[in-house]
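S.K.: Chain by chain, the residues:
There are 2 protein chains.
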Amino acid sequence: MLNKEITIKEIYQKINDDNYQDLDNKEITLKGFVRNNRSLGQVGFMSVNDGSCFLNAQAVYKGDDALLSSIKLGSTVIVKGKIHLTIGGYQPFEIDSSNIEVISQTEESFPLQKKKTSYDFLRTIPTIRMKSNTFNAVFRVRSVLSYYIHKYFHDNGYIWVHTPILTANDCEGEGQTFQVVADEKHPEEYFNKDNVHLTVSGQLHVEPFALTYGKVYTFGPTFRAEKSNTTRHAAEFWMIEPELAWCDMNQIMDVEEDFLKYIVKNTREECYQDFKFFYERVDKDLEKRLDDFVNKPFKRLKYEEAIEILKEASKTHHFDNSDIKFGLDLASEHERYLTEVHFKCPVFLTDYPKEIKAFYMKANDDNKTVRGVDLLVPQIGELCGGSEREDNYEKLLARMNELHMNIPAYEWYLDLRKNGSAPHSGFGLGFERMVMLVTGMTNIRDTLPYPRTYKDMLY
Amino acid sequence: MLNKEITIKEIYQKINDDNYQDLDNKEITLKGFVRNNRSLGQVGFMSVNDGSCFLNAQAVYKGDDALLSSIKLGSTVIVKGKIHLTIGGYQPFEIDSSNIEVISQTEESFPLQKKKTSYDFLRTIPTIRMKSNTFNAVFRVRSVLSYYIHKYFHDNGYIWVHTPILTANDCEGEGQTFQVVADEKHPEEYFNKDNVHLTVSGQLHVEPFALTYGKVYTFGPTFRAEKSNTTRHAAEFWMIEPELAWCDMNQIMDVEEDFLKYIVKNTREECYQDFKFFYERVDKDLEKRLDDFVNKPFKRLKYEEAIEILKEASKTHHFDNSDIKFGLDLASEHERYLTEVHFKCPVFLTDYPKEIKAFYMKANDDNKTVRGVDLLVPQIGELCGGSEREDNYEKLLARMNELHMNIPAYEWYLDLRKNGSAPHSGFGLGFERMVMLVTGMTNIRDTLPYPRTYKDMLY
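Those sequence lines, one after another, are chains H and C. Under my numbering, the first residue of the first sequence is numbered 7, with each subsequent residue one higher. Under my numbering, the first residue of the second sequence is numbered 7, with each subsequent residue one higher.
Treat the hints with care, since some could be wrong.
One copy or any two copies: either way a pair holds, since identical chains are not told apart in the list.
Claimed, not checked - Quick list of in silico lysine to any residue cross-link-like pairs, SDA-like style, CA-CA up to 25 Å: (1) K199 x H324; (2) K282 x I12; (3) K271 x N162; (4) K305 x E194; (5) K157 x M259; (6) K267 x H160; (7) K267 x E194; (8) K78 x D421; (9) K68 x K363; (10) K157 x F349; (11) K305 x K374.
The set of hints was computed from the structure by calculation and includes no laboratory data.
Kindly generate the complete structure, drawing on both the sequences and the hints.
M.R.: This is how it looks when you write it as structure tokens:
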């Protein structure tokens with residue numbers, strides 16, 4: 007490490023490890039922003055956050071210092087002083103400051119104040135909201151969660167493939183996309199293509215890599231131009247798409263469950279201060295929900311069985327759409343009933359009717375269902391969608407013709423089934439929904455540093 | 007790990023660790039693609055790669071088996087057999103196969119053949135080229151390099167910020183961008199903005215996060231719509247942009263050097279098989295260049311001193327542009343002379359004339375130069391560009407007015423200097439240039455899974 011100054015995170019680490027004897031009276035320099043400041047006449051208390059972790063250090067100063075006692079939330083300071091251990095107290099240490107240098111004071115108009123402000127308001131100040139407790143924790147957890155995603159795949163022998171953002175293919179064969187042009191007057195000129203758009207999924211592009219490296223994944227931004235305004239959709243979001251050769255639908259569920267439990271477990275351990283805040287202040291049920299998520303097995307059942315459960319339930323439970331029969335594309339209300347009310351745990355639903363799933367899913371022998379699998383979780387609904395892929399050239403071609411797809415555009419994809427094919431499966435995880443799941447935040451906009459949604463883009 | 011089958015990587019690991027006794031006669035099942043196959047009458051040898059590492063396992067079979075001896079490169083197979091150790095031989099083990107099941111044969115027309123094919127040709131088959139030795143190694147190294155980038159920042163307390171791809175701001179205040187529209191007829195309708203484009207840099211968006219968390223970085227795709235056709239430019243590429251509060255120009259050079267050496271060192275260690283191939287087959291000077299990169303200190307000097315060196319050199323060395331004087335925006339020929347001929351090592355150039363650098367760089371007291379710093383490296387030229395940022399509101403505003411910038415659009419950025427500002431610095435690293443540096447590949451297109459360049463986009 008280049009930085010030789012001790013951080014607040016390191017101080018807490020030593021205290022938690024019962025290895026704090028050498029901290030007492032240690033001279034330290036702390037650089038950060040003010041989270042709280044109050045003067046009680048003789049003595050003043052300034053809480054400073056150095057960015058290393060969720061918790062602050064409280065600097066004690068002479069309360070009659072006019073400048074210091076006037077310093078407001080968000081101002082930046084350099085504190086020099088000695089650590090004074092107060093193990094067992096309200097906070098385990100404070101800093102007896104010998105000098106506090108004020109680097110930049112916030113103005114009267116600084117929009118973040120001590121009183122509780124709404125998430126809606128904070129969303130209008132994306133360059134400041136991460137100084138509030140909630141968002142400070144959300145974006146730290148977002149980062150640490152990302153890290154453990156990469157670490158899981160790396161440690162398990164996956165290759166990260168940076169699939170392209172600009173593409174002329176459309177994975178789902180449907181769905182609104184954003185068009186991309188270098189020059190409005192000659193839109194097709196730059197790439198010699200007349201329909202370049204932002205990717206909706208890296209799956210098709212990553213499949214050939216799975217057939218070479220065995221285990222691969224993508225982790226990058228994806229885009230949907232739907233004009234929808236819900237708490238679960240954004241126009242720009244990040245997606246993780248693992249793809250495995252020599253893997254069938256049952257095995258991909260094993261991978262999903264192992265992966266999801268790993269990232270939640272490790273992120274909770276590393277960000278224990280942030281999670282304590284979420285449990286106490288954001289969602290009282292979150293801790294139990296995450297305990298269950300990590301410790302209990304996920305339920306697995308077929309779509310057809312789910313339909314029976316929902317039919318039965320509709321006799322006593324109100325669904326907006328109660329016309330429940332085989333072929334129904336489950337709405338959020340149905341998915342959430344299954345995972346929240348009926349099973350009370352994450353549920354893998356498998357073997358969907360082919361009509362409601364994408365063209366590339368492997369057909370079952372009944373020629374009615376495909377080896378698709380969605381993961382439904384409490385509070386979120388659909389978290390992952392995946393499948394075993396159709397690896398038979400003739401069957402895939404027939405299905406694409408059935409759907410009147412533009413075959414020449416997908417020739418390269420079809421060809422993968424001719425030359426050195428293998429069974430393979432994969433799934434997609436919407437990263438922001440995962441952040442919602444672990445933090446308890448209920449609006450996708452509150453998990454994105456600069457959310458881009460229909461009619462809404464700041465900076 | 008869910009996968010209980012032993013991989014080729016694990017076999018080599020055990021052999022390298024001198025921990026291979028229990029391997030001999032071990033029954034294994036290997037699933038992968040054929041790299042090479044030849045029958046010598048009685049006995050046949052099939053090299054199979056399972057994707058876990060660069061090296062293959064050679065399966066020995068009865069050479070008079072008509073099907074097996076006809077299997078071509080790229081076909082997929084499942085090999086069952088026993089490991090036979092041949093430590094000290096040409097390869098340290100082979101597999102006495104009891105059964106080889108052919109899953110999918112490649113056709114006569116399969117474009118990858120045993121004879122050496124050109125990178126240019128391979129670029130036309132992006133779904134297949136990673137089965138060739140060179141690209142198999144390049145994309146593995148690309149993945150592992152990415153991982154160590156995240157690991158370095160995570161282990162050193164940085165927060166990864168997913169800055170937006172869609173933006174209405176333009177970091178450099180210049181440069182061609184790709185426009186994005188949801189609906190051609192009403193281009194401004196979706197976001198209520200009339201100029202939404204793909205990001206050219208996440209720097210401006212990440213600065214407020216640095217002022218909160220202290221140390222942050224971005225790692226994501228960026229876009230330039232320049233109509234240039236060089237071996238070092240792509241329309242879509244990935245960039246890493248660390249940003250640190252409480253950090254000046256000299257400290258950011260310390261961070262850069264420490265970071266770059268760490269990622270090169272760790273990637274070389276993990277991918278030692280791939281690097282052996284690069285050293286022997288791609289670039290004979292690569293090994294020494296990387297040794298120097300990791301072990302020797304980078305040179306640091308001022309732009310002004312570099313101009314003096316180049317002036318002197320121009321008396322004996324030919325430059326296309328030999329009009330060398332203070333204010334010159336150094337061309338690649340000048341940068342490469344400094345790093346390859348004069349210093350023969352990576353060089354940080356600092357304190358550039360303000361006219362040739364971006365508006366946000368901190369002015370020196372001479373009011374002539376700014377605290378910008380570029381890192382020049384042999385074979386590549388400019389690898390990173392960075393600076394200390396102007397943190398004085400009045401100075402930044404004056405400079406932006408001098409450049410006739412659209413001040414209202416940048417008000418949010420200017421405001422960061424008013425409310426809780428702090429000195430801060432950062433740099434940008436073009437990820438594909440870093441891949442070129444470590445692999446010895448000389449065309450950026452050969453470091454990207456699906457390169458997007460002017461007039462060129464496949465799938």
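S.K.: Hint by hint, note whether the structure agrees.
M.R.: Structure-based check of all given hints:
Taking the shortest Cα distances, K199 and H324 never come within 25 Å of each other, neither inside one copy (50 Å) nor across copies (41 Å). Proximity of K282 and I12 under a CA criterion of 25 Å is satisfied intra-copy only: 23 Å inside one chain copy versus 41 Å between copies. For the identical chains of this complex, K271 and N162 are neighbours both inside a copy (16 Å) and across copies (21 Å), given an alpha-carbon limit of 25 Å. Taking the shortest alpha-carbon separations for K305 and E194, neither the intra-copy value of 49 Å nor the inter-copy value of 45 Å comes in at or below 25 Å.
Proximity of K157 and M259 under a CA criterion of 25 Å is satisfied intra-copy only: 19 Å inside one chain copy versus 27 Å between copies. Taking the shortest alpha-carbon separations for K267 and H160, both the intra-copy value of 16 Å and the inter-copy value of 20 Å come in at or below 25 Å. Proximity of K267 and E194 under a CA criterion of 25 Å is satisfied in neither setting, with 45 Å inside one chain copy and 42 Å between copies. Within a single copy, K78 and D421 get their C-alpha atoms only as close as 64 Å, which misses the 25 Å cut-off; across copies the closest is 16 Å, which meets it.
Taking CA atoms no more than 25 Å apart as the test, K68 paired with K363 passes in neither setting, with 67 Å inside one copy and 45 Å between copies. For a Cα distance limit of 25 Å, the shortest separation of K157 from F349 qualifies neither inside one copy, at 31 Å, nor across copies, at 38 Å. When the C-alpha separation of K305 and K374 is checked against a cutoff of 25 Å, the pair qualifies only within one copy, where the shortest distance is 23 Å, while the shortest distance between copies is 67 Å.
Violated hints, listed in ascending order, are 1, 4, 7, 9 and 10; each of the other numbered hints is respected by the structure.
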